[in-house]
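Novice: Fit chains E, V and U to the known structure of chain R by using the hints.
There are 4 protein chains.
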Amino acid sequence: MAENGAPRIRLGMVGGGTGAFIGYVHRIAARLDGDYELVAGALSSRPAVARESGRNLGLAEDRIYTSYEEMAARESQRKDGIQAVAIVTPNHMHYGPARAFLEAGIHVICDKPLTSTLADARALAAVKPKRGAKFLLTHNYTGYPLVRQARELVRSGVLGKIRVVQVEYPQDWLTNVVHNKQADWRTDPERSGAGGAIGDIGTHAYNLARFVTGLTTEAVSADLASFVKGRKLDDNVHIMLRFQGGARGMLWASQVAVGCENGLQLRVYGEKAGLEWRQDNPNYMWFTEFGKPKQLLTRGGAISGGPAPAMHVRIPSGHPEGYLEAFATLYSQFAQVIRGEGRAVAGLLPSLADGVEGMEFIMAAVESSRNDGRWTRLSDVN
Amino acid sequence: MAENGAPRIRLGMVGGGTGAFIGYVHRIAARLDGDYELVAGALSSRPAVARESGRNLGLAEDRIYTSYEEMAARESQRKDGIQAVAIVTPNHMHYGPARAFLEAGIHVICDKPLTSTLADARALAAVKPKRGAKFLLTHNYTGYPLVRQARELVRSGVLGKIRVVQVEYPQDWLTNVVHNKQADWRTDPERSGAGGAIGDIGTHAYNLARFVTGLTTEAVSADLASFVKGRKLDDNVHIMLRFQGGARGMLWASQVAVGCENGLQLRVYGEKAGLEWRQDNPNYMWFTEFGKPKQLLTRGGAISGGPAPAMHVRIPSGHPEGYLEAFATLYSQFAQVIRGEGRAVAGLLPSLADGVEGMEFIMAAVESSRNDGRWTRLSDVN
Amino acid sequence: MAENGAPRIRLGMVGGGTGAFIGYVHRIAARLDGDYELVAGALSSRPAVARESGRNLGLAEDRIYTSYEEMAARESQRKDGIQAVAIVTPNHMHYGPARAFLEAGIHVICDKPLTSTLADARALAAVKPKRGAKFLLTHNYTGYPLVRQARELVRSGVLGKIRVVQVEYPQDWLTNVVHNKQADWRTDPERSGAGGAIGDIGTHAYNLARFVTGLTTEAVSADLASFVKGRKLDDNVHIMLRFQGGARGMLWASQVAVGCENGLQLRVYGEKAGLEWRQDNPNYMWFTEFGKPKQLLTRGGAISGGPAPAMHVRIPSGHPEGYLEAFATLYSQFAQVIRGEGRAVAGLLPSLADGVEGMEFIMAAVESSRNDGRWTRLSDVN
Amino acid sequence: MAENGAPRIRLGMVGGGTGAFIGYVHRIAARLDGDYELVAGALSSRPAVARESGRNLGLAEDRIYTSYEEMAARESQRKDGIQAVAIVTPNHMHYGPARAFLEAGIHVICDKPLTSTLADARALAAVKPKRGAKFLLTHNYTGYPLVRQARELVRSGVLGKIRVVQVEYPQDWLTNVVHNKQADWRTDPERSGAGGAIGDIGTHAYNLARFVTGLTTEAVSADLASFVKGRKLDDNVHIMLRFQGGARGMLWASQVAVGCENGLQLRVYGEKAGLEWRQDNPNYMWFTEFGKPKQLLTRGGAISGGPAPAMHVRIPSGHPEGYLEAFATLYSQFAQVIRGEGRAVAGLLPSLADGVEGMEFIMAAVESSRNDGRWTRLSDVN
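Residue numbers (my numbering), protein chains in the order written: chain R, 1 to 382; chain E, 1 to 382; chain V, 1 to 382; chain U, 1 to 382.
In isolation and in its complexed conformation, chain R is listed as follows:
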């Protein structure tokens, strides 16, 4: 049962078979607050792997599927069929399952980026979900409590009009040629789409900046690079951003920044205050009002001068929460939405529209880079 005694939501999974990273993360996120129970899966596109993975996870034999189409069809017929599905496949395999389950009236939890092409993204946005099926895009970093608090601080006006946004997401795991399950599809245009680092992590950074600041993007000027010999997609992303209203930004994403593990960082500067947050120590956030001392806000800790944060905090300040808790918050708040109790979290959960914008961002950056950095509007790309 969930902590509030509600019955668990029956969950299926597409992708996430043995050896997968993000599927495992989704399963923990689904379990952590007790809101979901995994009961079915099409865990791999390879039937043998799908079957073995399903057994390893203890799924009932008749709910281990070897195709998502079959799973959508059968589960939507069962009385005890899944109510929601988590799609944790490579990018090019998001569109098909997402469409199938939405049209089968099953809620969809989908990893990012939304799809591998903008056309797919826009087509998905045009799908008519059956029985009001809902959609969640797991831009998981928006689930961190202090990211939520940052957003509240901006919305409250305490930062004043935003002027400068610096966001970055450096990693180093693709510094050399790498061949493994994680690396292979992410560096393959067939499966990843036109963007490499920009799709894998750049969209996270972009989404984070948008989520916190609420600014509307006007145009981007990008310089994408691919440093590793033979790599077909970008592994380093430099982007300048212009927002409506005059704010400016910079976005850096890299998979070749040696010494950086997962260094997502957001800094926002307004007319009256600034804030800085890093994902690798996510329980702390700098907040400085102009002319006053720097404050280190802590997750769930003392607040001064700002609004009460709309965050989901499980344990007291000083007891660090991490990546999995942030991920779980998306899951448990989506459970609220599924149960019809989602009003409190309205606007907080990344949506299909966010996913489409993320794809526009990727394509605008790719196009700008191909045009030697020409400022490119998100709405102008195809």
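Hints were generated in silico from the structure; no laboratory data involved.
On a predicted model such as this, the values are computed, not experimentally measured, just so you know.
We put the beta carbon where it would ideally sit given N, CA and C, even for glycine.
Careful: at least some of the hints might be erroneous.
[What the hints assert, rightly or not] A few chain U residues that don't get close to chain R, going by computed Cβ distances all over 12 Å: (1) GLN77; (2) SER156; (3) GLN244; (4) ASP372.
[What the hints assert, rightly or not] If you anchor each label on the Cβ, the simulated ranges turn out as follows: (5) V/ASN180 to U/SER226: 35 to 45 Å; (6) V/GLY214 to U/ARG343: 27 to 37 Å; (7) V/VAL178 to U/SER226: 50 to 60 Å; (8) R/THR216 to V/GLY230: 19 to 29 Å; (9) R/THR216 to V/ASP372: 11 to 21 Å.
Specialist: For chains E, V and U alone, coordinates are given in the frame of chain R:
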């Protein structure tokens, strides 16, 4: 199901009713890796609260108990009875339930400190568990991956003979007179025992130092203070430590250190290297070999010069894990023990013997402080 | 006397009268290692201020000048005339004095940026100094020991071929309209030149990146903004950089980043290792070889795997040096040059050529920004 | 000249010959603000070294002395004789010169600890200085701006009544047997006195705690250890402190804490607020009022809720000052005292009385440790 497809262990809970902190933490820890399912509870000593809390958590009516004795008796009779129980009551209510469930052949997961008196602790250690029932004491900080790695580093000899151990655990939540569920029993000798801060957090610090260094304590010299007017138990603890073999240590625990949220920190210095770890940013650990640059080891990250860590890591370095994951690691590794697969974690899980030593530590410190800091051996206290 | 017993070099100063910031800094830098003695000055363009400032500093009456031309003429005639002069005036007042003293055979220590126009800079570079008079541009951040070590690490090849350079210099002191001696000329195109933040701090950041990496700039794409109403010059600078050989970079400089005091930071990532250094805690530098743990190098501390640093360290590691020591290192090493013992520091001291490049960088960025971010070569600007 | 145009104070030096560390530091400190000119020296007890060192520093031949007695006698006779002397010899050679110069009417700047024996310290305190000669003990860490601000914060009452004081000073340079000029005398009871680490760094820590808190020490309970084979003096110091009024403290000093370079740290917790400061990043200080967010105060930066700091700041916040600037502040403020302008710094400069207390602290700790940690009053030792 657990991630490995094993059926979930049926879990009961004593304490942890509505409004409790640590019971909620235990439930998340039990769920996170999928190894347990909560199916029964005696969640409060007050029958109405017990019933309401059980319903809130969705327990079946016939498995909501109003006394732990009844729960032990009935559950041990059921075919689908609980296999393990989590005891999350105030200290003085550990002994009774722990004894009852062990004697009913049900595995016990018990919060720390072990009991409220040393006599209880020793009596509990003398209990003969039925059907090989096992015991886990939730010194949860030992579940942090880098704490495990620190222990491995010490055991590998890379630090050389240990000389100095500095451990501290400052908080500030009892800076003033506080009245709430958490504060009330912790500052009440009837429920907490002879120690205040020393029992609540000092034992965590002591256990952490012992777990990592493996040193045997010789004697302690303590100066306990109670700064808040009317408080009956210590809220600040200063202790000097002497270990067998000549190492020296200092332990500081405080509930009145303004600005400290949950600042557990361990520093260990040997003849050849030193290490430093803080709980509030637990994915990082300093490690320095004498004459070489300081290294910042990361949870799951690159290792140099040391042994492979015996840690349980769920997600890659740079994706922070926190307090709940460390807690969950104790739960999932105790599940391995329960399933008879515990060999790999032998010596890693805090035991009944650790609990008795923790009580001896508390009593030795209290006695030393009463004797103006006289060096006091743990084995000399009663 | 200097520490090595050499007689002090007789120093004059242009600018730096009462209330000035950077003149005071230059005087401390000149004194710290004992290599200079201030004996003459044209401390202000306002005669009364020049006289009062000279008296306040204890200069002899006949060596307090009210014009730099007179000072250059007279001092070059005196037997005990100044051997070197520090020029610490606003940018538009660098060219005249620098030229006058070089042509009078007096060594010149000049604040940055070199001039207020590129034409002036190129004209100054064409001056024929009398008696081999030398020139030092005080890009003081290059004097930090760890910046020197960073440069050595890059040159040694331990980072491999450089791929990505991230440099930034955020401040917040011009967040609002400010009127004081420091702010007035820096926001005035007449005195500062065509660049605001880019000239004041952007050039420092650019020079630092160039000094450490040794990369040659190919082109810049810039987006300069002026956020404060009525401000005529840029107060926020976003630049993408392309270097010969394929490395890419980003430069951010801002005077409106609330909460940033003087946040100069350089990060360099090569094929084999990366390094990160911040000016506000300058005695520490991160260095990570790919696949190995992060190392925190300390000024004067243990070294591993890299070359011996060519740094000037006064006190042991753990005893922090700061901004003034780095500045003083430029002064004392320029004293070595003046005394003909400069071989050891060849290539380390910022030169007139660096100053010209700095002006080209400013102008290229300004031009690129006016052309909507068009990639602009430094050599193409006028 | 000094920055204020005052003539430089003529300075002599006892000790500090070629290869000495602290003499060099004193010379920089004397030069930095322009208040002193070194003109005479008895730089070594070995005549040849004294002469060579004097020449290396460019001293006039007739002011290079081979004994401090001669120097005191001759300089006090010269019209242009030294006005102040810096004593930078090993501990056992402080008393003789300090007495001689005070009795010759020459101001004394003396390194810490005051002497090598308590008897010497008390005898020195009883000396009648000629012509009002003043005394400065270079507990240099009190010169850091934020240490001064910490003291002001405590005095202002914003912390409330102080409860807990944690001070520590770990280093690692004596981890093994070391033989060099610095190590030899510090580990030799003949030259260092009865204390090793406690005299060399423990007194700094103790003085810092006393300077900031203003608390009066009641008694100490100490456990001194010597970890390195053959070492005659302590290299690790554990002390519990009791202050008048009920505050408690802990002091740890170590020369064998591998990975610690010069880790002096002070933490003070009162009824209403707490503060934390580290010497190795001295431009920042944590300050937290109970129930409010943590603030990171910066040297010279924004202040909130506290009094204006009585600090000597040379450059704006964000431009780090370090060890030498703090040291120089003692020199320049002692120059104010010498010039009769010392009222503004009354109470800020470490005095002879502080030196006597420091010796009492050392002896009380040594005696307590010999008595197995018996609480020992400073006033009870001989």
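Novice: All hints, please: hold or fail.
Specialist: Verification of the supplied hints:
No beta-carbon of chain R is positioned within 12 Å of the beta-carbon of U/GLN77; the least distance is around 54 Å. Non-interface status of U/SER156 relative to chain R is upheld: no Cβ of that chain comes within 12 Å, the nearest being about 15 Å off. Separation of U/GLN244 from chain R is adequate, the least Cβ-Cβ distance of about 32 Å exceeding the 12 Å criterion. The claim that U/ASP372 is not at the interface with chain R holds, since no C-beta of that chain comes within 12 Å of its own (minimum 37 Å).
The given range of 35 to 45 Å is broken by V/ASN180 and U/SER226, whose C-beta atoms sit roughly 57 Å from each other. V/GLY214 and U/ARG343 have their C-beta atoms about 54 Å apart, which leaves the hinted 27 to 37 Å range violated. Under the hint 50 to 60 Å, the C-beta atoms of V/VAL178 and U/SER226, about 58 Å apart, fit the expected range. Between R/THR216 and V/GLY230, the C-beta spacing of about 26 Å keeps the proposed range 19 to 29 Å intact.
For R/THR216 and V/ASP372, the hinted distance range of 11 to 21 Å is satisfied, since their beta carbons lie about 20 Å from each other.
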